[in-house]
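**Student:** Each chain, written out:
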Amino acid sequence: MSFVKSRPLLACLAAATALMAVAGAAPASAANTFRFAFQGDLKSLDPYTLKETFTIAAHGAVYESLVTRDKDLKLVPGLAESWETPEPTRYRFKLRKNVKFHDGSPFTADDVIFSAERVRAPGSNFQTNVPADATFVKVDDHTVDMVLKNPNPIALYQFGNWYIMSKTWAEKHDALKPTPVAATAPSYAALHENGTGPFVITEHQPGVRTVFKKFDGYWGKVESNLDEAIFTTISNDATRVAALISGEVDWIDPVPLQDQSRVSSSPNAVVVNAPELRTIYLGMDQTSDELRGSNVKGKNPFKDVRVREAFFRAIDEDAIVKRVMRGQATPAALLIAPPLFPLAGEFKRPAYDPNKAKALLAEAGYPNGFEVPLDCPNDRYVNDEAICQAVTSMLARVGVKVNLIAQPKAKYFAKILKPAFDTSFYMLGWTPSSMDSHNILYEIAGCRTDKSSPRGTTNLGNYCNPKVDALADKIERETDQAARNQMIKQAYEIVMGDWGYIPLHQQALAWGVSKKVKLVPRADNQMMLYWVSKEQ
Amino acid sequence: MLAFILRRLLQSVGVLLAVGLIAFAMFRFAGDPVNQLVAPDTPYAERLQIRQSLGLDDPVLVQFARYAGNAVRGQFGNSYQFRQPVSTLLAERMPATLELAFCATLFALTAGILMGVYSALRRDSVGAKLVQAISLVGVSLPTFLIGILLIFLFSVTLGWLPSYGRGDTVRIGWWTTGFLTTSGLKALILPSITLGLFQMTLIMRLVRAEMLEVLRTDYIRFARARGLTTRSIHFGHALKNTLVPVITVAGLQLGSIIAFSIITETVFQWPGMGLLFVQAVQNVDVPIMAAYLLLVALIFVTINLVVDLLYTIVDPRLRLSVRRAT
Numbered sequence: 001m002s003f004v005k006s007r008p009l010l011a012c013l014a015a016a017t018a019l020m021a022v023a024g025a026a027p028a029s030a031a032n033t034f035r036f037a038f039q040g041d042l043k044s045l046d047p048y049t050l051k052e053t054f055t056i057a058a059h060g061a062v063y064e065s066l067v068t069r070d071k072d073l074k075l076v077p078g079l080a081e082s083w084e085t086p087e088p089t090r091y092r093f094k095l096r097k098n099v100k101f102h103d104g105s106p107f108t109a110d111d112v113i114f115s116a117e118r119v120r121a122p123g124s125n126f127q128t129n130v131p132a133d134a135t136f137v138k139v140d141d142h143t144v145d146m147v148l149k150n151p152n153p154i155a156l157y158q159f160g161n162w163y164i165m166s167k168t169w170a171e172k173h174d175a176l177k178p179t180p181v182a183a184t185a186p187s188y189a190a191l192h193e194n195g196t197g198p199f200v201i202t203e204h205q206p207g208v209r210t211v212f213k214k215f216d217g218y219w220g221k222v223e224s225n226l227d228e229a230i231f232t233t234i235s236n237d238a239t240r241v242a243a244l245i246s247g248e249v250d251w252i253d254p255v256p257l258q259d260q261s262r263v264s265s266s267p268n269a270v271v272v273n274a275p276e277l278r279t280i281y282l283g284m285d286q287t288s289d290e291l292r293g294s295n296v297k298g299k300n301p302f303k304d305v306r307v308r309e310a311f312f313r314a315i316d317e318d319a320i321v322k323r324v325m326r327g328q329a330t331p332a333a334l335l336i337a338p339p340l341f342p343l344a345g346e347f348k349r350p351a352y353d354p355n356k357a358k359a360l361l362a363e364a365g366y367p368n369g370f371e372v373p374l375d376c377p378n379d380r381y382v383n384d385e386a387i388c389q390a391v392t393s394m395l396a397r398v399g400v401k402v403n404l405i406a407q408p409k410a411k412y413f414a415k416i417l418k419p420a421f422d423t424s425f426y427m428l429g430w431t432p433s434s435m436d437s438h439n440i441l442y443e444i445a446g447c448r449t450d451k452s453s454p455r456g457t458t459n460l461g462n463y464c465n466p467k468v469d470a471l472a473d474k475i476e477r478e479t480d481q482a483a484r485n486q487m488i489k490q491a492y493e494i495v496m497g498d499w500g501y502i503p504l505h506q507q508a509l510a511w512g513v514s515k516k517v518k519l520v521p522r523a524d525n526q527m528m529l530y531w532v533s534k535e536q
Numbered sequence: 001m002l003a004f005i006l007r008r009l010l011q012s013v014g015v016l017l018a019v020g021l022i023a024f025a026m027f028r029f030a031g032d033p034v035n036q037l038v039a040p041d042t043p044y045a046e047r048l049q050i051r052q053s054l055g056l057d058d059p060v061l062v063q064f065a066r067y068a069g070n071a072v073r074g075q076f077g078n079s080y081q082f083r084q085p086v087s088t089l090l091a092e093r094m095p096a097t098l099e100l101a102f103c104a105t106l107f108a109l110t111a112g113i114l115m116g117v118y119s120a121l122r123r124d125s126v127g128a129k130l131v132q133a134i135s136l137v138g139v140s141l142p143t144f145l146i147g148i149l150l151i152f153l154f155s156v157t158l159g160w161l162p163s164y165g166r167g168d169t170v171r172i173g174w175w176t177t178g179f180l181t182t183s184g185l186k187a188l189i190l191p192s193i194t195l196g197l198f199q200m201t202l203i204m205r206l207v208r209a210e211m212l213e214v215l216r217t218d219y220i221r222f223a224r225a226r227g228l229t230t231r232s233i234h235f236g237h238a239l240k241n242t243l244v245p246v247i248t249v250a251g252l253q254l255g256s257i258i259a260f261s262i263i264t265e266t267v268f269q270w271p272g273m274g275l276l277f278v279q280a281v282q283n284v285d286v287p288i289m290a291a292y293l294l295l296v297a298l299i300f301v302t303i304n305l306v307v308d309l310l311y312t313i314v315d316p317r318l319r320l321s322v323r324r325a326t
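In order, the protein sequence lines correspond to chains R and W.
Each residue of the first sequence is one higher than the one before, counting from 1 in the working numbering.
Each residue of the second sequence is one higher than the one before, counting from 1 in the working numbering.
Everything labelled a hint here was simulated from the structure, so no lab data went into it.
A few of these clues could be false.
Cβ pair distances, simulated, as ranges [stated by the list, open to error]:
(1) P142(W) <-> D103(R): 47 to 57 Å
(2) Q481(R) <-> Q49(W): 28 to 38 Å
(3) K515(R) <-> L158(W): 14 to 24 Å
(4) Q205(R) <-> R224(W): 55 to 65 Å
(5) D103(R) <-> N304(W): 48 to 58 Å
(6) E203(R) <-> G173(W): 17 to 27 Å
(7) L180(W) <-> K94(R): 52 to 62 Å
(8) P106(R) <-> A91(W): 38 to 48 Å
(9) Q49(W) <-> D103(R): 31 to 41 Å
(10) D480(R) <-> A91(W): 55 to 65 Å
(11) E203(R) <-> P142(W): 28 to 38 Å
(12) W174(W) <-> A396(R): 54 to 64 Å
(13) L404(R) <-> P142(W): 22 to 32 Å
We put the CB at the ideal spot given by N, CA and C, even for glycine.
Let the hints inform the model, and build the full structure from the sequences given.
**Tutor:** As structure tokens, then:
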């Protein structure tokens with residue numbers, strides 16, 4: 001080895017530099033390409049594998065549902081042109097004609113019936129999206145009946161995320177069964193798609209990039225003017241923001257709170273904030289005889305309603321919104337986001353009142369407060385750990401010593417969720433996937449009578465009031481909307497009157513969007529490609 | 001000699017087994033994979049089913065035995081997240097990591113040698129001091145900070161180079177390469193510098209020290225006395241002798257460049273094996289983590305084995321001791 005021989009290396013570097021200079025001058029391609037980056041991966045193309053917001057939205061570009069949700073989350077016709085309920089337990093769907101799947105085969109009633117079976121088959125993550133007791137009957141090629149055992153006012157609420165697949169395609173590619181999240185072999189449907197939507201996926205490298213192209217055979221008109229969209233994962237916060245500011249990508253999610261002002265002051269991009277549906281709340285163990293990790297022995301302070309009220313009153317949510325969330329959150333009075341419940345406006349958040357909190361604690365027999373651990377994730381919700389720190393210091397002011405246990409979600413959920421339920425005091429976020437209050441009254445506020453009860457699966461502290469359960473059962477079947485809403489209101493009044501939970505806020509979605517792009521920030525945080533337009 | 005090689009091979013297998021077992025035991029504390037896989041409102045019964053189908057209910061030793069048994073047969077299981085064989089995923093990501101490691105090494109060698117030689121020959125010049133200062137930065141700043149600083153300078157402020165990804169790639173058989181497209185080459189520059197900077201500093205300091213040493217030796221003085229040109233003395237004689245240890249170090253460092261590309265790959269969203277590993281840790285994707293750690297262990301074990309064997313071939317004294325020992 002001599003020095004002279006290393007010259008080819010130099011030449012190589014020089015050539016690279018020269019190429020780089022040339023590339024800078026290359027003309028932009030004619031196609032209108034939209035590039036978007038999310039912090040996570042698009043893990044499966046099978047629309048029944050994973051119920052996760054970003055995945056569902058990405059699938060929504062290529063697959064379509066019978067009934068879909070518009071920009072304000074209202075139910076509107078999708079692949080079903082119209083529907084009616086000739087009797088309370090029967091829905092009749094008129095299917096759209098002249099709709100083609102991406103492989104060219106026509107869309108018919110058989111595909112709907114096939115999809116209804118497939119989505120409820122073992123391994124699907126979307127089993128609850130279609131009522132379990134529903135049977136689907138073909139009337140003719142373009143008419144399908146859904147027959148229910150009981151009246152169900154929210155039967156269609158989750159149809160927007162139930163995408164229709166082609167029966168013939170699934171048969172041909174051995175994809176009749178849904179790909180479970182724990183599948184051991186890659187199924188054809190997990191790596192390829194065949195929907196009816198306005199885009200087709202032409203390239204999919206799991207975890208790296210996915211390419212969407214406009215589908216020329218689409219039946220409807222599309223608002224979007226895109227020819228192509230390229231999705232990449234960028235998990236590092238700083239890199240994602242840099243890619244947006246430098247114009248390499250047109251959309252990122254999420255923009256970390258501390259970077260939002262920088263993005264908005266850049267020449268290329270802005271931050272789009274809109275209220276989201278997820279409610280962040282605190283829960284308390286109200287059944288155990290003794291709290292885990294507390295200095296109070298032999299009894300459980302949270303069983304006393306005065307202690308729960310004191311905790312609620314001691315937390316200054318306005319300060320959390322202002323300081324921790326930098327204004328990007330809305331204080332919550334209920335466990336449900338206002339857009340999902342018409343009467344939400346009638347509830348007010350009880351005022352912050354540390355003096356009253358102290359008095360209540362003294363009344364309950366804890367004049368000097370007590371000690372309790374708080375379980376908190378540190379990589380799940382916006383500024384989750386910081387929120388818990390704020391809660392900790394606010395409770396310290398009324399004498400309660402909170403020991404904060406913040407950990408990554410992989411550890412956190414294993415600790416607090418069923419079957420461990422290993423928590424005395426915790427923070428969680430919840431969006432009802434049905435977009436309806438029944439989900440919350442059943443899952444979060446429903447009594448967990450025994451270990452196997454399906455009710456209250458996420459009621460980690462086991463708040464329990466039989467009146468709420470009775471109301472929830474009626475709410476499940478009541479089809480008169482006005483009466484139903486009154487019952488929901490009554491149920492929430494009971495839960496809040498018991499000080500069963502401490503709702504904190506709804507965080508705001510934070511998309512970083514290029515100034516060249518127009519799109520719709522929907523409150524469920526789904527970014528739909530067919531509403532995206534980009535000026536070239 | 002044969003017995004020596006066999007013994008070394010056995011030791012290597014032992015090391016791999018130990019790495020596998022320790023890694024596997026540690027994953028018990030990484031968290032619960034099932035909750036990372038499903039939606040928050042997934043019914044509990046479904047979660048139980050998934051747990052069972054992944055074999056997570058079995059005792060750790062049973063799980064490890066099953067894993068080791070499969071690994072010996074070259075099967076590393078399926079990724080929880082991607083539902084694909086881990087071997088396929090790693091093979092797909094390997095070209096990206098190897099190309100990045102190659103370019104980083106190339107950069108480290110070229111720049112390191114040039115700067116080292118320069119600072120040795122012009123010890124007292126301003127340039128040499130500048131080079132020394134740069135090398136301090138290379139040693140003291142953490143990799144992710146260097147990466148982010150480069151991104152903000154060259155991508156955000158100047159807009160010259162891409163901040164993430166691999167650009168367009170060309171597929172040749174099972175290998176994908178970024179060397180054949182402009183965007184691929186552009187995408188290589190910043191991550192290569194970030195990854196190679198530490199090694200570059202190392203090589204620069206090594207070259208400088210060795211070069212200064214060599215320049216003081218007798219044969220250089222004799223060469224000067226014979227009236228050879230400075231150029232020939234510096235590059236023909238001095239540098240040649242300087243490079244022997246540099247090559248050894250660079251070879252050994254290649255392993256760590258491949259293994260420690262994790263941070264660089266995360267900062268630049270470089271779709272290589274390191275990024276796959278980091279994402280696997282976040283999602284508790286145990287099969288990927290285990291296979292990656294074993295692969296890294298294998299790389300190190302192989303490099304050390306080869307180096308040991310080469311030493312015995314090159315150095316007669318070692319050969320003697322090996323013979324005596326066996």
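**Student:** Would you mind marking each hint as holding or not holding in the structure?
**Tutor:** A quick look at each hint next to the structure:
Our hint of 47 to 57 Å for P142(W) and D103(R) holds, since their Cβ atoms are close to 50 Å apart. For the pair Q481(R) and Q49(W), the supplied restraint of 28 to 38 Å holds, since their beta-carbon distance comes to about 36 Å. Separated by about 20 Å at the C-beta atoms, K515(R) and L158(W) satisfy the suggested range of 14 to 24 Å. Separated by about 59 Å at the C-beta atoms, Q205(R) and R224(W) satisfy the suggested range of 55 to 65 Å.
For the pair D103(R) and N304(W), the supplied restraint of 48 to 58 Å holds, since their beta-carbon distance comes to about 53 Å. Checking the proposed 17 to 27 Å range against E203(R) and G173(W) shows it holds: the Cβ atoms sit about 18 Å from each other. Judged by the Cβ atoms, the range 52 to 62 Å given for L180(W) and K94(R) holds: they are separated by roughly 53 Å. For P106(R) and A91(W), the Cβ-Cβ distance of about 40 Å falls inside the hinted range of 38 to 48 Å, so the restraint holds.
Between Q49(W) and D103(R), the C-beta spacing of about 32 Å keeps the proposed range 31 to 41 Å intact. Evaluation of the 55 to 65 Å hint for D480(R) and A91(W) yields a pass: the beta carbon distance comes to about 60 Å. The given range of 28 to 38 Å is respected by E203(R) and P142(W), whose C-beta atoms sit roughly 35 Å from each other. As the Cβ distance of W174(W) to A396(R) is approximately 59 Å, the hint placing it in 54 to 64 Å holds.
Under the hint 22 to 32 Å, the C-beta atoms of L404(R) and P142(W), about 27 Å apart, fit the expected range.
Figure legend: structure checked against the earlier numbered hints; every hint is met.
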